[in-house]
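Chain residues, written in single-letter form:
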Amino acid sequence: MKPASFNYYRPSTLEETLQLLLDCGDEGKLIAGGQSLIPILNMRLSSLEHVIDINGLRELDFIRLEEGILKIGGLCRQRSLEKSPTVKEVAPLLSEAVPFIGHVQTRNRGTVGGSLVHADPTAEIPLSLLALDATAIIQSAEETREVPVQDFFITYLTTDIAPTEMLTEIQIPVDTLPKGYAFVEFSRRHGDFALVAAACLLDTDEDGTITAGRLAIGGVDAVPMIAQEAMDVLLGEKLTDALLEEAGQIAAENTDPEGDLHASREYRLHLAKVFTKRAIRKAYERSLQKLGGGTQP
Amino acid sequence: MTGNGSIELNGPIEHVFHKLMDPEVLTECIMGCKSMELVGERKYRADLSVGIAAVKGKYDAYITVEEVQAPHHFKLVVHGEGGPGYVDAEGIIDLTPLDESKTQLTYTYQAEVGGKVAAIGQRMLGGVAKLLIGDFFKKIKKNLERGQQIA
Amino acid sequence: MDCKHIGKPMKRVEDIRLTSGRGTFIDDMNPFPNIHQAAILRSPYPHARIKEIRTEKAERMPGVKAVITGQDIAALTNPFPVGVTAPVKYYSLAVDKVRFVGEPVAVVIAKNRYLAEDALEAIEVVYEQLPAVVDIEKALEPDAPVLHEAVGSNIANHRHFHYGNVDEAFRQADLVVKHTFFYPKYSATPVETYGVIAHYDPSEQQYTIWSNFHGPFTLQSVMAAALRTPSNRLRIMIPKDVGGSYGIKSGVYPYMVLMAVASRIAGVPVKWIEDRQEHLAASSSGTDRVTWIEAAVKRDGTVTGLKMKMVDNVGGYVRAPEPACLYRTHSNTTGPYRIRHLQMETIAVMTNKSPTGLIRGYGGQQLYFPLERLMHMIAQKLGMDPADVIRKNLIRAEEFPYTTPSGGVYDSGDYRKAFDMLLDIVNYDEFRQKQKQARAEGKYLGMGLACIVEPSGSNMGYITIALTPEERAKSLPKSGCAEGATVSIDPMGGITVRISTTPTGQGHETVAAQIVGEVLGVDPRTVKVVAEMDTLTSPWSVASGSYSSRFAAIGSSAVYQAAHKVRQKLLHIAQELLQVPLDQLVLEHGRIAVKDAPGREISLKRLIGSTHWNPDVLPPGMEPGIHETAFYTIPAAMPPDENDQVNGSVTYGFVADAVTVEVDIETGEVKILDYTTVHDAGKLLNPLIVDGQILGGLVHGLGGAMYEELAYDRNGQFLSGSFMDYLCPTAPEIPPITIKHLETPSPLTPLGAKGLGEGNTMSAPAVIANAVEDALSGLGVTIDTLPLSPNRIWTLIQDAKQKMEITA
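Protein chains in written order, with the numbering used here: chain A, 1 to 297; chain B, 1001 to 1151; chain C, 2001 to 2808.
Here chain A stands alone, though its shape is the one from the complex (with noise of 0.2 Å):
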């Protein structure tokens, strides 16, 4: 398990590595935490020509509130998310993300940035940032653009990020997000791959009607999805048992997921089903108990 040769290199300005990108081309990638990149290369199921080493772009590695948009660089580390104060402050959704992605050890390695790029389907983070609604912005050495993470995946893996271009930083606007708030997964192990996840964000007036959301599924497809059909159902509605099958149910037929290993199709739309309803249960009761009602969660 060693990989083939190729061509390193440790820019120290995002100029600098713009350029080398551009220079490239396809046969260029960049490499951050290594958690996903460097296992690929090991087992040769990548032959890349030139990688390009970020870690020295500190300048990259921040987390900032700013005019009620929370900003995070590409480079942050999974770990500075999870600790982050200010995060646990105005996107608790993240916070509690992203404890479930892999180990502490890996967190420490692994960045923000990296993950959103990789765009595996189960991944905890890319679910998180679409139903946050955030925003990437990609650079590149001719131009900078912003691209909604709605419409940022493609397919397993594929992102719409040229060979050429990087992603510096996530922008999510945090005034407007509800309240409530749930992640919730299911997997194997602790740590491992996630079979089903989901994502909510509600909020509700006085007397317990939800009044806005957003509700994002992932391991269920080649990209994680919003489930907006679920959502519209719940609009506008106070939350019962018969609502939440309702919307779980809508939910799950969707989903277009396979069968692998661990989950057959079958189990993976049952799944679907459960994780959605447990996860807008959850926002709703937490939704209820930032109004000062409800029980606890």
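I should point out that these hints are in silico values taken from the structure, not numbers from a laboratory. Any given hint might turn out to be false.
[Claimed, not checked] Calculated cross-link-like contacts (lysine to any residue; reagent style SDA-like; alpha-carbon spacing at most 20 Å): (1) B:K1056 x C:E2121; (2) B:K1056 x A:D256; (3) C:K2057 x B:G1083; (4) B:K1141 x B:G1005; (5) A:K2 x C:K2111; (6) B:K1058 x C:R2054; (7) B:K1058 x A:A4; (8) B:K1056 x A:H50; (9) A:K2 x C:R2432.
These figures come from a predicted structure and were not determined experimentally.
With chain A fixed as given, assemble chains B and C onto it according to the hints.
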């Protein structure tokens, strides 16, 4: 892995069939195919680069066109071997005319992937296979549409 | 025996080096200059003919010294001998066919592993694919693809056994309970993978192989035969630190032969360190098994007879020591129960999966899963509590030593006592109340019980039960469990011990030091134990090695005997010098003194010194120096008799487990609430080490019950090639565990010790399955297949629901 699908193509059935038999069209549409050389009766050898995102491997492949029943039906058989493993795929393609200028293509496929890729990537294999095969037909569709624009 | 050191929780001497990065594992070693690295090209196909291999491109690549293929191997080696009559040819590289995904097809020797792997990609192999079969029952069908044409079918071994009067027992039964059980194929995944450093010296025609192999050293003969070399020209050396094995590293021997030949052809020493992908696909594993089991039962719960048909999947090649997987537990097939009538049919079948071999538990988990599940089912059918059925059938204390119908001789035990201890600790009766209450609240709690006999110290003879008595008569009988040890003392009094038990982390150095310290009256920390093994200089025999938990029963006994020889020698010298009878002398605190005569003593240092410096004072006829070797075996280890009865192990322990689980019926997820085990392994030599080993075995059993499987699709494609998909339990998966000990010493070993460490590997799958079925009682779910993944449990619940709706 098995699956099926269908896609509507621009063009009369004979034209579509002819295009599907054309090695140049196949070269353009089969994933990561640089060139195909004829090595036998309806048998081609090609170097394929198959995979998704960074997980790509080079495969030394043989592509055969079998069971030809012009212009309705044929079978495409691909066998590729490379470092990451091997691929054995079979697609049965049926064409039905919708009208003088449109043809319905329905396909069923059976694919087996073995070696390292199967041992490590089983989580995504089914989905990726479905995707890549679907991509092939989408490319065929695009190829036909382009041809018509030129014409 | 009131001991100062034996039985005490002495901290392990190995731990300092292991926890400070100073262990010497095979990859740390560089015993020769100019070592080159090997990389192996492996088959991606489960079953195919090799039409052609082209290596010219690879040979020309930078840094490549040689490329070896099956033709080279067939020219220089013989197929590995194996203990069956089926003419299976197994070489260390595929020769004309590949028979499992991952089978080695070619080897590249290069300056480093990177370059070697680069060259692998340049080797061209032309395969002709053949239909594959991986399912046990399918492989037995007449039209199944056949792996070895010369054999004609996929059956590597097939035997029938009949003890007592089974037909009569079934005729007289009030009830017959039967079921079919499926046990999965899984490994023990030691953290350290296989490693080999091989060197062929043409000037001496000598093969020297370093490896993290650990026996049994019957396999040395197998390797020598394969290499066509006299056995003393095959030097095998084992480093003192091996990163775990649990039986799996017994299967490194084909790779040892492969690298030895590679070294010979390439003309340089060759090192091969296996990576994890290789290890999961093509190292070794336990067998998957289908068991058809039937019990003849009396209305009061007494089981009078058993019929069992067991079919083991040994993979693409049956290789030594298989088919021992079917026979390791032969003597304890009836477990801890008084069942006098037993019928067995055993079949070893070959399919396109990786070849199997030793694994912790070795056949025990495959045996006890059906047996303990069946006891639970019997209770259900009779409307009795499982605890009562178990208790009814347990062998009683006064029946020891107990001879089983298949020839096993259980040396000691008090099964009832241990079982009652268990039920008391877990508040068994109270639990049933809790369970009812929980069900009323919509929670599914369950408790499982399992009682098993843990055999240890295998008798070499048991493997020959794979042959019929007529076939056995054609060659020399096999018996015994011999192990050797040497205790020597140098001129300055430094005590050294050499053992051949090739530890893989069990702390043999520590326990050996405790024993020698005890016998010679010295601080164990002054005793140096050499655990490195060298077939040219260590005291070893065919049974040497670490497997079947033999150190406590046998390995330690060899050390004890050797230490005793030294002790006796020193006492005799003291007797000569002090002129008092032997029984007046005591050895302690570093000297030999006359009882009740203060001042009349000689220091050990002086005694030892005189054997080296002044042999003139030694008693007449005594040799100078102190260098005593003892070989130990237990007479109970006899060859099988003409009735196919054999005592397959010399000591037998007992394990009684109780586990409580909660099942989330919405997801099928099983949560283990707590696990209690009562353990009887005779006299415990070091309680610290013991608990560690029990925990390890238990968690491995948990893995087999819930997570681990070497998965193949039905076309033979290997699917669990990394730890993403081969799931080992990790720290968060370990439940609260309570271990309690009971010691019924073995009358057969000098220290009363029995082996341990494999028990819970064998019992956990059964006890957890029993608990899950108990939790789901009333839902119509029967658990007969492992692992208990949430998907499996959920599907069982749905299927049962549907069935109930149909019949309603």
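> What hints, given by number in increasing order, does this structure fail?
Replying inline: Failing hints, ascending: 2, 9.
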